[in-house]
Amino acid sequence: MAHEDPHAPRLYGLVAEFDSPDALVAAGRRAVQEGYRDLDAYTPFPIEALHEAMGFDRTRVPLVVLIGAITGAVAGYGLQYWASTIAYPLNVGGRPLHSWPAFIVPTFETTVLFAALAAVFGMLALNRLPQPYHPIFNTPRFALASRDRFFLAIEARDPKFDLVATRRFLESFTPREVTEVEE
Amino acid sequence: MAPASHPHPPAEPPASKGAATPESAFIAPGHTFGSITDKISAIVLTRRTPVGWLLGFAIAFGLVMLFLMAVTWLLLKGTGIWGVNIPVGWGFAIINFVWWIGIGHAGTLISAILLLLHQHWRTSINRFAEAMTLFAVACAGLFPILHTGRPWLAYWLLPYPNSMGLWPQFRSPLIWDVFAVTTYATVSALFWFVGLVPDLATLRDRARSRVGRTIYGVLALGWRGSARHWARYESAYLLLAGLATPLVLSVHTVVSFDFAISVLPGWHTTIFPPYFVAGAIYSGFAMVLTLAIPIRAAYGLQDFITQRHLDNMAKVMLATGLIVAYGYAMEAFIAWYSGSFYERFMYWNRVTGPYWPVFWALIATNIVIPQLLWLKKVRLNVPVLFGIALVINTGMWLERFVIVVTSLHRDFLPSSWGMYYPTMWDWFTYVGTIGLFVAMLFLFIRFLPMISIFEMRTLLPESKVKDSAHA
Numbered sequence: 001m002a003h004e005d006p007h008a009p010r011l012y013g014l015v016a017e018f019d020s021p022d023a024l025v026a027a028g029r030r031a032v033q034e035g036y037r038d039l040d041a042y043t044p045f046p047i048e049a050l051h052e053a054m055g056f057d058r059t060r061v062p063l064v065v066l067i068g069a070i071t072g073a074v075a076g077y078g079l080q081y082w083a084s085t086i087a088y089p090l091n092v093g094g095r096p097l098h099s100w101p102a103f104i105v106p107t108f109e110t111t112v113l114f115a116a117l118a119a120v121f122g123m124l125a126l127n128r129l130p131q132p133y134h135p136i137f138n139t140p141r142f143a144l145a146s147r148d149r150f151f152l153a154i155e156a157r158d159p160k161f162d163l164v165a166t167r168r169f170l171e172s173f174t175p176r177e178v179t180e181v182e183e
Numbered sequence: 001m002a003p004a005s006h007p008h009p010p011a012e013p014p015a016s017k018g019a020a021t022p023e024s025a026f027i028a029p030g031h032t033f034g035s036i037t038d039k040i041s042a043i044v045l046t047r048r049t050p051v052g053w054l055l056g057f058a059i060a061f062g063l064v065m066l067f068l069m070a071v072t073w074l075l076l077k078g079t080g081i082w083g084v085n086i087p088v089g090w091g092f093a094i095i096n097f098v099w100w101i102g103i104g105h106a107g108t109l110i111s112a113i114l115l116l117l118h119q120h121w122r123t124s125i126n127r128f129a130e131a132m133t134l135f136a137v138a139c140a141g142l143f144p145i146l147h148t149g150r151p152w153l154a155y156w157l158l159p160y161p162n163s164m165g166l167w168p169q170f171r172s173p174l175i176w177d178v179f180a181v182t183t184y185a186t187v188s189a190l191f192w193f194v195g196l197v198p199d200l201a202t203l204r205d206r207a208r209s210r211v212g213r214t215i216y217g218v219l220a221l222g223w224r225g226s227a228r229h230w231a232r233y234e235s236a237y238l239l240l241a242g243l244a245t246p247l248v249l250s251v252h253t254v255v256s257f258d259f260a261i262s263v264l265p266g267w268h269t270t271i272f273p274p275y276f277v278a279g280a281i282y283s284g285f286a287m288v289l290t291l292a293i294p295i296r297a298a299y300g301l302q303d304f305i306t307q308r309h310l311d312n313m314a315k316v317m318l319a320t321g322l323i324v325a326y327g328y329a330m331e332a333f334i335a336w337y338s339g340s341f342y343e344r345f346m347y348w349n350r351v352t353g354p355y356w357p358v359f360w361a362l363i364a365t366n367i368v369i370p371q372l373l374w375l376k377k378v379r380l381n382v383p384v385l386f387g388i389a390l391v392i393n394t395g396m397w398l399e400r401f402v403i404v405v406t407s408l409h410r411d412f413l414p415s416s417w418g419m420y421y422p423t424m425w426d427w428f429t430y431v432g433t434i435g436l437f438v439a440m441l442f443l444f445i446r447f448l449p450m451i452s453i454f455e456m457r458t459l460l461p462e463s464k465v466k467d468s469a470h471a
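Line by line, the protein sequences give chains C and B.
Each step along the first sequence adds one to the number in my numbering, with nothing skipped, and position 153 is 153.
Each step along the second sequence adds one to the number in my numbering, with nothing skipped, and position 203 is 203.
Do not take every clue at face value.
[What the hints assert, rightly or not] According to the in silico footprint, chain C covers these stretches of chain B (three or more CB under 8 Å from chain C):
(1) 26-35
(2) 183-190
(3) 196-209
(4) 224-230
(5) 245-259
(6) 328-334
(7) 450-459
Simulated from the structure, these hints should not be mistaken for laboratory data.
C-beta: ideal position from N, C-alpha, C; glycine also.
Based on the provided sequences and hints, a complete structural model is requested.
Rendered as structure tokens:
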């Protein structure tokens, strides 16, 4: 195409709508096996079998939480050590300034605090949330994805994407409907 | 064991009222993904606000005003308006602090520990139990802050670089408490909010008004139910549960350190941490039942909060109540076995001294009456169970009164003995926080889904994927 209209809406992808998690998991697994990579499924609740089938079950969330926990432990203990021995040493009856057993409780609390903050904000950051706009919301009846419908989207940027072949592929799983969704 | 996978007798009519729910089920038969979604979200979105809600909120709001009045007078006059004085320097403020924070513990136990133990029955009660935790911790936190005498300087408790060159005393259990309670409040809020995000997306997609769509939409953070997101979400949620589990045990342990680290007879006891934690869960479950029973009746949620939930919670109360009873017995035994004159005197004074009615009321409400829960008939009788839950709520408050006041009021030397009587300002502040708690809970019920919608969907057998490709 020589003169493509820059304002014309571009195709985001093909979205298939299913009634049951079974059909979605079957379609999702097959799509990954067929070699599609830029794809995602949308469901009203977490489906572990789907995460496994589509290879989404390996996340970096645990690593982020571990880093948060170590940071919290080091920061908590370090703060107490520094405050009690360097910044504000208090001689209480000649007892050691570095009284580590007393520092364990706050260290434990800061460890949990930092790990929990890392879990929540790490998960949101990895998910790129908050994200006010996403093309998938242009799918008809997508509001039902938070109720009782199950969607599979294969994006147009996928190298294997072909409007006709991909549509035929999705329709082979007998979805309610396959729609072209624009960005 | 995953009992949620088989409580569905086949082919029952979908129009099931609470009465038709079999005792063993966690969710009434006949529900679908859609019907669960509609039923829970309708409470927030479409059903008219019940008159009872308005009435209850009005009463609670009145008590919040009473609380604000009590606090205003406190700020004007100082803690002298309370009944505290030497020798009893810790009166209602600490009693109520420990009582409220203990109540919060059941929420975390239900949402975190029962999740890790695969107790799927928790699903329908975890959301409002977590909300209860959050509001109870908020009420708890007010008391020590007000008790500092100059609440506007309460931030001095936190470690921050300041022009005075001072740092907190990290060897003090009171500073440990600051760390424990602030961490607990933060983690509880995070856990609650993360659990809400997918349900907020449901409300966003179902809200009819523009205002509703906008507010729920902003709060939902653009959640779209992506499978990639769900995988990370599940991972984060499970890890949060794993973090909250030791945290909740640590919080009441640290609260008990406030007492146990001191050298006062009646406080200086190694049994305190476990027995405080058990007491916290005991009182927390009593509060969950106190709230769940009227709410399920008012909103017709017998399909989701079934007899079996009430039965299970009653059993948890019975078990933790027995641990508490063991704690009392050990306190008495060690007072005698230690051979310490002061320990023995303290205990004898607790049982027969001027506060004897409080002690014996505690034994009646916390140990004797809850033994009725051994009977299945009692556990399945909803009004009686509600009554027992109220009795336990009272009993756990009396326990903290006995621990705080009877240990302090007769010091080592008879010349420094005294009596503690709460003033009306003590009562106003206490009743005021109950109002605050109830008011926040009413707002929560009205504006947020009180049952986790997405987790309820996973209880349906249709949610279990019949996976053929793994063969």
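Taking the hints in turn, this is what the structure says about them:
no.	hint	verdict
1	26-35	holds (count 3)
2	183-190	holds (count 4)
3	196-209	holds (count 6)
4	224-230	holds (count 7)
5	245-259	holds (count 5)
6	328-334	violated (count 0)
7	450-459	holds (count 4)
In this structure, the one hint that does not hold is number 6.
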